[in-house]
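Participant: Sequence:
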Amino acid sequence: METRLTPNEVAQMLGVSLSFVTRLLDEGEIPAQYLPNGRPRLVRLADVLAFQARRERRGEGRRRIIQAAEDAELPY
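Residue numbering for the sequence shown follows UniProt numbering, starting at 1 and increasing by one per position.
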């Protein structure tokens, strides 16, 4: 059975605010399952881990760009 998390649990896991997680869910950055009767959405752990991996790859790309600019002594 898949592990599913509430938005609060996702926020804690990622170290971000609940409002940021809500925005990610609303924008489809992290897929979520809507539950009936206004209950909280549920998010698959696998989707949270995939988002986290994408975020880390983007951060690494930014670090490489900054390092290349510094190596070339370009202002940024």
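Everything labelled a hint here was simulated from the structure, so no lab data went into it.
The model shown is predicted, which means the values in this text are computed figures rather than measured ones.
Ideal Cβ placement from N, Cα and C applies to all residues, glycine included.
Do not rely on the hints blindly, as some may be mistaken.
So the derived label-pair ranges between C-beta atoms look like this [to be verified]:
1) Thr-3 x Pro-75: 43 to 51 Å
2) Arg-44 x Leu-18: 17 to 25 Å
3) Asn-37 x Glu-73: 44 to 52 Å
4) Tyr-34 x Met-1: 32 to 40 Å
5) Thr-22 x Ala-68: 46 to 54 Å
Participant: All hints, please: hold or fail.
Facilitator: Do the hints match the structure? See the list:
no., hint, in the structure
1, Thr-3 x Pro-75: 43 to 51 Å, "holds, 46 Å"
2, Arg-44 x Leu-18: 17 to 25 Å, "holds, 18 Å"
3, Asn-37 x Glu-73: 44 to 52 Å, "violated, 60 Å"
4, Tyr-34 x Met-1: 32 to 40 Å, "violated, 19 Å"
5, Thr-22 x Ala-68: 46 to 54 Å, "violated, 35 Å"
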